[in-house]
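> One-letter residues, chain by chain:
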Amino acid sequence: MSDHPTSFKGSVLDAIADSIRGAIEGARVEVSGGGGHYAIVVTSSAFEGKGLLESQRLVYSAIAHLMKGDDAPVHAVDSLKTLKPPKGA
Amino acid sequence: MQSAMPDAHATIRELVTTRKVVLFMKGSRAAPQCGFSGQVVGILDGLLPAYDTVDVLADPAMRDAIKQFSDWPTIPQLYVDGRFVGGCDIVRELSTSGELAALLGVDAGASATAPPVLELTGRAATAIMAAREAPGDELRLVISPAFEKELFFDGPAPGDVVVEARGVTIRLDRSTASRAAGTRIDWVETGAGGGFKVDCPAEPPRAASVRGLTAKGLRMALDAGGPLMIFDVRTDAERALASIDGAVALDDDGQRRLEATDRSARVVFMCHHGVRSRVAAEAALRKGFTDVWNLEGGIDAWSTEVDSAVARY
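Keeping their order, the protein sequence lines are chains A and B. Note that the working numbering has the first sequence beginning at 1, numbered continuously upward. Note that the working numbering has the second sequence beginning at 1001, numbered continuously upward.
Treat each hint with caution, since some may be false.
Listed next, the in silico DSS-like pairs over lysine-lysine satisfying Cα-Cα at most 30 Å (straight line) [stated by the list, open to error]:
#, chain 1, residue 1, chain 2, residue 2
1, B, K1026, B, K1149
2, B, K1026, A, K81
3, A, K50, B, K1287
4, A, K84, A, K50
5, B, K1067, A, K84
6, B, K1287, B, K1026
7, B, K1216, A, K81
8, B, K1067, A, K81
Hints were generated in silico from the structure; no laboratory data involved. Computed from a predicted structure; not experimentally measured.
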């Protein structure tokens, strides 16, 4: 899947991380992957009191613009983890 | 994105409110066309005898409509009792915690939550003790519905089933516990060090792997008249463009034919380029087929190497 075609220029990893940090203040974001497929781990207190669905929606809405259309830079999110920071950290 | 298609939304609403469990996926329950859809099917198959699926690949309008309807950008999407549950990651987490079984109203259940008996060899116990970094570290065993096994140190999670063996505490999620009875954990030394070997009695026997077949190899096998069945996992639209004589479409009827086929028969899977068919071939291995082949390069290779009268697309 490393030949996923896209018209996107630049680092997709950075674009994903920056978009999430822009939408969720203070979020710690780790992105790995390539070729249209990415794994994302987001740690943020914004997920406190939210269910998995709501938490993942927050992240997906932040990167929606990168997932739109047939030649989107993000073809698939192979794994998305939304974590709350450890208590007292 | 283009504006919502009211008809498709009405169809979706009708479907999810009249059926208990609906999975919007790529491909069918019998032949998932994407790994994420396949994972969710594997999880649901472990919990439910029957549920409804909608193949978004068969209907591009539905693919866009369901993303709008759920306000969720990816496929698969699971609905239970008219409510959107989530995508692959969420279904996996809910399955692990046991919440999915509760949501589906199935008892995952009485037998699964009873701790299974595990066997730990002395060598394995020694290796675990040596690998432990802190006294509080606890071992977790995960056996996926496809019987992929993982063993690692982890903290407790809700719904865990806890098993003791040789003084070692092993945690299992409820889904794993339902498959783990009699599992034996050993430590084997190899040239490259050592590793854990996990044998699970519930795992169906399988061939070592899917074997690759070239287009020319398939031609020769057919010419030799050796009995084999070719299953074509592509869509009807693709088959209309190009096909191999005698290949059986792996739709619902084709899946029933596959199910009825002797497990020792030679079965060949094909698609456009050999990627989707490999997923179906791996699934056949898990069902107990032992002589499983994948047409490498798919119908495209067939067209370029064997029969140029077959159209390329």
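> None of the hints should be skipped; say for each whether it holds.
For each hint, the structure was consulted:
Taken as a hint, the K1026/B and K1149/B pair is honoured in the structure, with Cα atoms around 25 Å apart against an allowance of 30 Å. Between K1026/B and K81/A, the direct Cα distance comes to roughly 22 Å. Compliance with the 30 Å bound is thereby established for this hinted pair. Annotation: proposed proximity of K50/A to K1287/B is violated, straight-line Cα distance about 39 Å (limit 30 Å). At most 30 Å may separate the alpha-carbon atoms for a hinted pair to count; K84/A and K50/A meet this at roughly 10 Å.
Only pairs whose Cα atoms come within 30 Å are accepted, and K1067/B paired with K84/A is accepted, the gap being roughly 27 Å. For the given pair, K1287/B sits about 20 Å from K1026/B by alpha-carbon distance, which is consistent with the 30 Å threshold. At roughly 45 Å between alpha-carbon atoms, K1216/B and K81/A are farther apart than 30 Å, so this suggested pair is violated. A threshold of 30 Å between alpha carbons decides the hint, and for K1067/B with K81/A the separation of about 20 Å falls inside it, so the pair holds.
Figure legend: structure checked against the earlier numbered hints; hints not met, in rising order: 3, 7.
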